[in-house]
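**Student:** Next come the chains, spelled out residue by residue.
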Amino acid sequence: MSNIKIDSDILALLETDINKGFRLIVERYSTRLYWHIRRLVILHEDANDALQNTFVNAWRNISNFRSESSIYTWLYAIATNEAISLINKRTRNSAVSLDDLGKWFANSMEGSTWFDGDSAQVKLQNAILKLPEKQRIVFNMKYFEDMSYKDMSIVLKTSIGALKASYHHAVRKIENILTGI
Amino acid sequence: MKKTDNIQEDNPFKVPEKYFEELNRKILSSTVEKQASIKKPGLHLKLRSFLAIAASVSLLAILGYAGIKLFSSRNEALSLSSIPVEDYAETILNEIDILTLEENALLLEAYREEPQTEKKDIIDYLLLENIDINEIQDQL
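Top line first, the protein sequences correspond to chains A and B.
Everything in the first sequence is counted per the working numbering, starting at 1 for the first residue and increasing by one.
Everything in the second sequence is counted per the working numbering, starting at 1 for the first residue and increasing by one.
Among the hints, erroneous ones may be present.
[As the list claims (entries may be wrong)] Simulated crosslink set (BS3-like; lysine-lysine; CA at most 30 Å straight-line):
| id | chain 1 | residue 1 | chain 2 | residue 2 |
| --- | --- | --- | --- | --- |
| 1 | A | Lys130 | A | Lys89 |
| 2 | A | Lys123 | A | Lys173 |
| 3 | B | Lys69 | A | Lys142 |
| 4 | A | Lys164 | A | Lys142 |
| 5 | A | Lys123 | A | Lys142 |
| 6 | B | Lys34 | A | Lys20 |
| 7 | A | Lys142 | A | Lys130 |
| 8 | B | Lys69 | A | Lys89 |
| 9 | A | Lys164 | A | Lys130 |
| 10 | A | Lys20 | B | Lys26 |
| 11 | B | Lys26 | A | Lys123 |
| 12 | B | Lys34 | A | Lys134 |
| 13 | A | Lys89 | A | Lys20 |
| 14 | A | Lys123 | B | Lys69 |
| 15 | B | Lys14 | A | Lys89 |
| 16 | A | Lys130 | A | Lys173 |
| 17 | B | Lys34 | B | Lys18 |
| 18 | A | Lys164 | A | Lys134 |
| 19 | B | Lys14 | A | Lys142 |
| 20 | A | Lys89 | A | Lys123 |
| 21 | A | Lys173 | A | Lys142 |
| 22 | B | Lys18 | A | Lys89 |
| 23 | A | Lys150 | A | Lys173 |
| 24 | B | Lys26 | B | Lys14 |
| 25 | A | Lys142 | A | Lys89 |
| 26 | A | Lys157 | A | Lys142 |
| 27 | A | Lys157 | A | Lys173 |
| 28 | A | Lys20 | A | Lys150 |
| 29 | A | Lys164 | A | Lys150 |
| 30 | B | Lys26 | A | Lys173 |
| 31 | A | Lys130 | A | Lys150 |
| 32 | A | Lys134 | A | Lys157 |
| 33 | A | Lys134 | A | Lys123 |
| 34 | A | Lys89 | A | Lys157 |
| 35 | B | Lys34 | A | Lys89 |
| 36 | A | Lys164 | A | Lys89 |
| 37 | B | Lys34 | A | Lys130 |
| 38 | A | Lys164 | A | Lys123 |
| 39 | A | Lys134 | A | Lys20 |
| 40 | A | Lys20 | B | Lys69 |
Source of the hints: derived by calculation from the structure; they are not laboratory data.
Just so you know, these numbers come straight off a predicted model, no measurement behind them.
Okay, chain A solo, but in the shape it has when bound (with noise of 0.2 Å):
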């Protein structure tokens, strides 16, 4: 089911019971936009913090939804914000500076329970953790979710064009680090 199909599900429950309407955007955005959080802030605990925030803040603002944007375009800008500001909080708490944080996340992906990869899955992970921020959450939606260069740029508010460049160069870097270039 198409994700357009999907919101005009959710926009139409939203009209009649906006109870019933939000519980069906948690049972089907929940897993997804904890996967794309996951990746941005590498530690399941601040994932799990990051999306409950998001859907605190998606339920507050609810009301306030239009309809010009769709739910899932919606929902990704307040999950990548959520996630975005906890790496902004971490880098402020923890004074490692934003060169580093590739360093620091490599790290603590490493040593967390929660991450077991084979070699290959380390070293991508450690590959893309050397982007720059805003180019790593590009590389992650369009890798790893197939998200459209069309939503990418209303959820990050970012051209098509500036989006295409963007990726196009995280992918060369990517491949240089695991070819050893």
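Take the given structure of chain A and dock chain B to it, following the hints.
**Tutor:** Same frame as chain A, but now just chain B:
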């Protein structure tokens, strides 16, 4: 860059056991269900409302009764003659305590004492009023 089976299908990020089974319940408890529980007052809050209403009504009733009583007691004095003596006495006895009764009885006793009036003064009065003392002899 195309996803390869080796990398994509084996997700290296793990989650605690039963995390996703409980996830939706936790999200709903802090959103939809939290709002629902705030809107429905608990039994103790409902009880407080009832008690508050009951207290207000009682206060109004007491004030109303006191007002009626105050108003009606003023009117009682004007129509005492229409009330049978026995009923009036009963009402008085019900409303006045025993100590007040004793006090009043002592006052009445004091009033019943013979006035200290001399016989001479009585005769002088009778003469002034042209009353024949023989006529009132039997009365005295």
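**Student:** Now, for every hint given, state plainly whether the structure supports it.
**Tutor:** Hints and how they fare:
no. : hint                   : verdict
1   : A/Lys130 with A/Lys89  : 19 Å, holds
2   : A/Lys123 with A/Lys173 : 13 Å, holds
3   : B/Lys69 with A/Lys142  : 86 Å, violated
4   : A/Lys164 with A/Lys142 : 10 Å, holds
5   : A/Lys123 with A/Lys142 : 19 Å, holds
6   : B/Lys34 with A/Lys20   : 14 Å, holds
7   : A/Lys142 with A/Lys130 : 17 Å, holds
8   : B/Lys69 with A/Lys89   : 72 Å, violated
9   : A/Lys164 with A/Lys130 : 19 Å, holds
10  : A/Lys20 with B/Lys26   : 16 Å, holds
11  : B/Lys26 with A/Lys123  : 34 Å, violated
12  : B/Lys34 with A/Lys134  : 34 Å, violated
13  : A/Lys89 with A/Lys20   : 34 Å, violated
14  : A/Lys123 with B/Lys69  : 94 Å, violated
15  : B/Lys14 with A/Lys89   : 23 Å, holds
16  : A/Lys130 with A/Lys173 : 9 Å, holds
17  : B/Lys34 with B/Lys18   : 23 Å, holds
18  : A/Lys164 with A/Lys134 : 13 Å, holds
19  : B/Lys14 with A/Lys142  : 21 Å, holds
20  : A/Lys89 with A/Lys123  : 26 Å, holds
21  : A/Lys173 with A/Lys142 : 15 Å, holds
22  : B/Lys18 with A/Lys89   : 28 Å, holds
23  : A/Lys150 with A/Lys173 : 23 Å, holds
24  : B/Lys26 with B/Lys14   : 19 Å, holds
25  : A/Lys142 with A/Lys89  : 26 Å, holds
26  : A/Lys157 with A/Lys142 : 15 Å, holds
27  : A/Lys157 with A/Lys173 : 24 Å, holds
28  : A/Lys20 with A/Lys150  : 29 Å, holds
29  : A/Lys164 with A/Lys150 : 10 Å, holds
30  : B/Lys26 with A/Lys173  : 39 Å, violated
31  : A/Lys130 with A/Lys150 : 26 Å, holds
32  : A/Lys134 with A/Lys157 : 12 Å, holds
33  : A/Lys134 with A/Lys123 : 20 Å, holds
34  : A/Lys89 with A/Lys157  : 22 Å, holds
35  : B/Lys34 with A/Lys89   : 27 Å, holds
36  : A/Lys164 with A/Lys89  : 29 Å, holds
37  : B/Lys34 with A/Lys130  : 41 Å, violated
38  : A/Lys164 with A/Lys123 : 24 Å, holds
39  : A/Lys134 with A/Lys20  : 34 Å, violated
40  : A/Lys20 with B/Lys69   : 59 Å, violated
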